[in-house]
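Residues per chain are reported as follows:
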Amino acid sequence: MRFSDAFEARFTEMLTHYPTKRSVLVPTLLFAQDEVGYVSEDVIAELATRLELTTLDVRNVMSYYSMLVTKPRGKYNVQVCTNIACTLKGGDELLSHCAKRLGIGHKGTTADGQFSLEEVECIGACSWAPAIQVNYDFHENLDVPKMDAVLDGYAKK
Amino acid sequence: MADLVSHPDEVKVVSRRFGLGAANLDRYLELDGYKAVQKALAMQSADIIEEVKKSNLRGRGGAGFPTGLKWSFVPKESAKPKYVLCNGDESEPGTCKDRLIFEHDPHAVIEGAVIAGLAVGARKAYIYVRGEYRYLSLIMQKAIADAYGRGFLGKNIFGSGIDFDVFWHGGAGAYEVGEESALMESLEGKRGIPRIRPPFPAVVGLWGGPTVINNVETLASVPHIMLGGGEWFANLGTPRNGGTRLFCLSGHMNRCGVYELPLGYNLKKMIYEVGGGITGGRSLKAVVPGGSSTPLFRADEIDVAMDFDSVAKAGSMLGSGGVTAIDDQTCMVKFALRIIKFYQHESCGWCIPCREGTDWIKKSLTRFHAGGGLRKDIDDVKYLAQNMLGRTFCPLGDAAAMPIISIVDKFRDEFEAHLEGRPCPHAKEGDAANALLPMLAH
Numbered sequence: 042m043r044f045s046d047a048f049e050a051r052f053t054e055m056l057t058h059y060p061t062k063r064s065v066l067v068p069t070l071l072f073a074q075d076e077v078g079y080v081s082e083d084v085i086a087e088l089a090t091r092l093e094l095t096t097l098d099v100r101n102v103m104s105y106y107s108m109l110v111t112k113p114r115g116k117y118n119v120q121v122c123t124n125i126a127c128t129l130k131g132g133d134e135l136l137s138h139c140a141k142r143l144g145i146g147h148k149g150t151t152a153d154g155q156f157s158l159e160e161v162e163c164i165g166a167c168s169w170a171p172a173i174q175v176n177y178d179f180h181e182n183l184d185v186p187k188m189d190a191v192l193d194g195y196a197k198k
Numbered sequence: 063m064a065d066l067v068s069h070p071d072e073v074k075v076v077s078r079r080f081g082l083g084a085a086n087l088d089r090y091l092e093l094d095g096y097k098a099v100q101k102a103l104a105m106q107s108a109d110i111i112e113e114v115k116k117s118n119l120r121g122r123g124g125a126g127f128p129t130g131l132k133w134s135f136v137p138k139e140s141a142k143p144k145y146v147l148c149n150g151d152e153s154e155p156g157t158c159k160d161r162l163i164f165e166h167d168p169h170a171v172i173e174g175a176v177i178a179g180l181a182v183g184a185r186k187a188y189i190y191v192r193g194e195y196r197y198l199s200l201i202m203q204k205a206i207a208d209a210y211g212r213g214f215l216g217k218n219i220f221g222s223g224i225d226f227d228v229f230w231h232g233g234a235g236a237y238e239v240g241e242e243s244a245l246m247e248s249l250e251g252k253r254g255i256p257r258i259r260p261p262f263p264a265v266v267g268l269w270g271g272p273t274v275i276n277n278v279e280t281l282a283s284v285p286h287i288m289l290g291g292g293e294w295f296a297n298l299g300t301p302r303n304g305g306t307r308l309f310c311l312s313g314h315m316n317r318c319g320v321y322e323l324p325l326g327y328n329l330k331k332m333i334y335e336v337g338g339g340i341t342g343g344r345s346l347k348a349v350v351p352g353g354s355s356t357p358l359f360r361a362d363e364i365d366v367a368m369d370f371d372s373v374a375k376a377g378s379m380l381g382s383g384g385v386t387a388i389d390d391q392t393c394m395v396k397f398a399l400r401i402i403k404f405y406q407h408e409s410c411g412w413c414i415p416c417r418e419g420t421d422w423i424k425k426s427l428t429r430f431h432a433g434g435g436l437r438k439d440i441d442d443v444k445y446l447a448q449n450m451l452g453r454t455f456c457p458l459g460d461a462a463a464m465p466i467i468s469i470v471d472k473f474r475d476e477f478e479a480h481l482e483g484r485p486c487p488h489a490k491e492g493d494a495a496n497a498l499l500p501m502l503a504h
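Protein sequence lines, in the order shown, are assigned to chains A and B. Count along the first sequence from 1, add 41, and you get the number used in this note's numbering. Count along the second sequence from 1, add 62, and you get the number used in this note's numbering.
If you're looking for bench data, these hints aren't it; they were derived computationally from the structure. Honestly, I wouldn't trust all of these hints.
Derived DSBU-like pairs: lysine-lysine, alpha-carbon spacing no greater than 35 Å straight-line [as the list claims (entries may be wrong)]:
| hint | chain 1 | residue 1 | chain 2 | residue 2 |
| --- | --- | --- | --- | --- |
| 1 | A | 198 | B | 444 |
| 2 | B | 490 | A | 148 |
| 3 | B | 138 | A | 62 |
| 4 | A | 62 | B | 142 |
| 5 | B | 138 | A | 141 |
| 6 | B | 425 | A | 148 |
| 7 | B | 204 | A | 112 |
| 8 | A | 112 | B | 252 |
| 9 | B | 252 | A | 148 |
| 10 | B | 74 | A | 187 |
| 11 | A | 62 | B | 425 |
| 12 | B | 204 | A | 197 |
Selected chain B positions facing chain A (Cβ under 7 Å, derived; list incomplete) [stated by the list, open to error]:
| hint | residue |
| --- | --- |
| 13 | 64 |
| 14 | 155 |
| 15 | 156 |
| 16 | 193 |
| 17 | 232 |
| 18 | 250 |
| 19 | 400 |
| 20 | 455 |
| 21 | 482 |
| 22 | 484 |
Positions of the beta carbon are idealized from the N, C-alpha and C atoms, including for glycine.
Kindly generate the complete structure, drawing on both the sequences and the hints.
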């Protein structure tokens, strides 16, 4: 299975950082997901071979981490935080607004494959609540009009 | 990314380079960067530990354990390599300070990690950054690479004859990995299941070697202690609570933001003066003083000095520095439900009291808030929470139980207001709260 050159360079370098091979597993799963779109069967098999683990072992680790998914999702994964600081500042309203606008629920994906929606736990933006992440990008101090502007921006990309 | 704020009462130590471009190595050097590590290289390891002990620096991750004492637990001789592990898996709801340190002062974290290594005899450090913080991980990676480029890391650092490596590591989404033993499991490429202690990480940690685990803010404080002296740092705070800390103000305050204030700063003043009071001219109902796992204060209980000992004496915890203000329009049953929903989601399921307790409380509170509550549920929720306390491998069970117990105790009238099928007194038209009952059918 082929990953990008940047992936391979990072993978090779990271292996030198630890006394055991499997230590690179968690960050590597996430980098593989970034390239493939999700943790596919091929990714699991490939990493198991490279790190001398069973595929069961890789699946076992993978299922623990909430950012790792086994099915494709939208190009832009809209993650709305509704934890304590965000819920006090309107995070729930943002979530229901996104659900209505995109026509999808928690962990749903739009038919055109552009957007996915996810209600997430604290993303560390409490002082700038309510906040969301779209893929890895933070958008903070939002309200419904600002949320629309953010979504418009991604829709145009 | 995240906006910086300031207030005249701030004492900037850890945040003194924020906004000054110190992620750039040359700029960092202009701002006294890498002087502390050179000073430490000329010192005996016991003297470094002594200086940190003198500073009364206590762990900024939440537990508040004295840092110098923690370092002194690492055995001098060890057959296995020793390690330093920087905990940057910041995920305690209400906490967003390590983000600013990574973004504005990444070299201070590296420097702190190296000094910790010199103190305990470790020659390798890992800086674990949570998976969601991708841009910060990139900043950290660049900072580490730049430091290697100048010979500040790697072979023979600063011509001292000592080799020292610092590596970054990344998570993939898990609150529990912020717990020290789960953090080590995650770094070893496993599920973040906590380890039973003893043995403590200082003796048996990463790959079986003695390991010092410190929070980002703790390590970022260390270079300042080396340069300013332990006594100077200690005097910034209150007795046994040295220094300042980054308080993350969130919730219903007019000027939310991350402020660096001396330990012992009054909570009431923090909310009304630094935070600018409660939004919309409403009044304060409750405060979460140190992240979502800490027992809440009622509005009449906030005349408290914000240091570890005073907050503990007042019945809560200084925790991770996340101060969340809650106004009088908020339903505390719904707030309790949101807290337990989080812990239920994050429980790894390893310990039964936590796995079953969080789930059961979540189900009870969901039904309760939707108007299907019985009077006995109020005590049952508290009883369930009490039976999680101290009965789990890691503190996640306690973290879930403590705020719930405090909300039941302090806001019992709000639970009673939901009884007999009455709608939530704080529900607005079209509020999601009103839609909860049909949800129960599923």
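Each hint tested on the structure:
Distance check on the hinted pair: residue 198 of chain A and residue 444 of chain B sit about 50 Å apart at the alpha-carbon level, beyond 35 Å; violated. At roughly 26 Å between alpha-carbon atoms, residue 490 of chain B and residue 148 of chain A fall within 35 Å of each other, so this suggested pair holds. Under the criterion of a C-alpha separation no larger than 35 Å, the hint pairing residue 138 of chain B with residue 62 of chain A is consistent with the structure, at around 28 Å. This hinted pair checks out: residue 62 of chain A and residue 142 of chain B have alpha carbons roughly 18 Å apart, not beyond 35 Å.
Distance hint between residue 138 of chain B and residue 141 of chain A is unfulfilled; the C-alpha atoms sit about 61 Å from each other, more than 35 Å. At roughly 21 Å between alpha-carbon atoms, residue 425 of chain B and residue 148 of chain A fall within 35 Å of each other, so this suggested pair holds. Among the hinted pairs, residue 204 of chain B with residue 112 of chain A is consistent with the structure: their alpha-carbon atoms are about 32 Å apart, no more than 35 Å. Of the pairs offered as hints, the one joining residue 112 of chain A and residue 252 of chain B holds, with about 22 Å between alpha carbons and a cut-off of 35 Å not exceeded.
Taken as a hint, the residue 252 of chain B and residue 148 of chain A pair is honoured in the structure, with Cα atoms around 25 Å apart against an allowance of 35 Å. This hinted pair checks out: residue 74 of chain B and residue 187 of chain A have alpha carbons roughly 33 Å apart, not beyond 35 Å. Of the pairs offered as hints, the one joining residue 62 of chain A and residue 425 of chain B is violated, with about 41 Å between alpha carbons and a cut-off of 35 Å exceeded. Distance check on the hinted pair: residue 204 of chain B and residue 197 of chain A sit about 31 Å apart at the alpha-carbon level, within 35 Å; holds.
Checking residue 64 of chain B against chain A by beta carbon gives a least distance of about 5 Å; that is within 7 Å, so the hint holds. Among the interface hints, the one on residue 155 of chain B holds; its C-beta lies about 4 Å from the nearest C-beta in chain A, closer than the 7 Å criterion. Hint on residue 156 of chain B holds. Least Cβ distance to chain A is approximately 5 Å, under the 7 Å limit. At its closest, the beta carbon of residue 193 of chain B sits 5 Å from a beta carbon of chain A; the interface hint therefore holds under the 7 Å criterion.
Taking 7 Å as the C-beta contact cut-off toward chain A, the hint placing residue 232 of chain B at the interface holds, the least distance being around 4 Å. Below 7 Å, beta-carbon pairs count as interface contacts, and residue 250 of chain B has one with chain A at about 6 Å; its hint therefore holds. At its closest, the beta carbon of residue 400 of chain B sits 5 Å from a beta carbon of chain A; the interface hint therefore holds under the 7 Å criterion. With a least beta-carbon distance of about 15 Å to chain A, the hint placing residue 455 of chain B at the interface is violated under the 7 Å criterion.
With a least beta-carbon distance of about 26 Å to chain A, the hint placing residue 482 of chain B at the interface is violated under the 7 Å criterion. About 21 Å separates the beta-carbon of residue 484 of chain B from the nearest beta-carbon of chain A, more than 7 Å, and the hint is not met.
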